[in-house]
Amino acid sequence: MGFAQHYRAEGEQVGLKKGILIGEEKGREVGREEGREVGREEGREEGREVGREEGIPQGEAQILRRQLGRRFGALPTWVEARLSQATTDQLEHWADRILDADSLDAVFKDHP
1 MGFAQHYRAE GEQVGLKKGI LIGEEKGREV GREEGREVGR EEGREEGREV GREEGIPQGE
61 AQILRRQLGR RFGALPTWVE ARLSQATTDQ LEHWADRILD ADSLDAVFKD HP
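The sequence shown begins at 1 in my numbering and counts up one residue at a time.
Hints listed in this document are in silico derivations from the structure and should not be mistaken for laboratory results. Idealized CB from N, CA, C, for every residue including glycine. Please note: incorrect hints may appear among the correct ones.
Okay, derived cross-link-like pairs now, EDC-like style, lysine to aspartate or glutamate, Cα gap no bigger than 16 Å in a straight line [stated by the list, open to error]:
| no. | residue 1 | residue 2 |
| --- | --- | --- |
| 1 | 109 | 89 |
| 2 | 109 | 96 |
| 3 | 109 | 92 |
Distance ranges between label pairs, derived from CB positions [stated by the list, open to error]:
| no. | residue 1 | residue 2 | range |
| --- | --- | --- | --- |
| 4 | 95 | 27 | 28 to 38 Å |
| 5 | 16 | 41 | 33 to 43 Å |
| 6 | 36 | 16 | 28 to 38 Å |
Just need the whole structure built from these sequences, with the hints factored in.
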């Protein structure tokens, strides 16, 4: 192998190694960006899910509060406390009861 060929082959090896290192770094950068995007999307989806879980009972409580107030007048603090701490199941049970109940006590009886 001649002098020029030796240095050309050595230069190719050095260039190849540099190219691999640059490619690996670019690959890591792309991977990190893709990972961040996936993480952001998962975070958004989780936020939407938590919002729905918290928003549904709040909305149901607000509607029931309006219905109770319209049917029975001003609501006592114990009713407000029950509504603000209620589960979705409790709210739905009370919403069904309001149709037949003749008092607030009748709406909330026998169901914690």
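Evaluated hints:
no., hint, result
1, 109 with 89, "holds (15 Å)"
2, 109 with 96, "holds (13 Å)"
3, 109 with 92, "holds (14 Å)"
4, 95 with 27: 28 to 38 Å, "violated (56 Å)"
5, 16 with 41: 33 to 43 Å, "holds (37 Å)"
6, 36 with 16: 28 to 38 Å, "holds (30 Å)"
Checked against the numbered hints given earlier, the structure breaks only hint 4 and satisfies all the rest.
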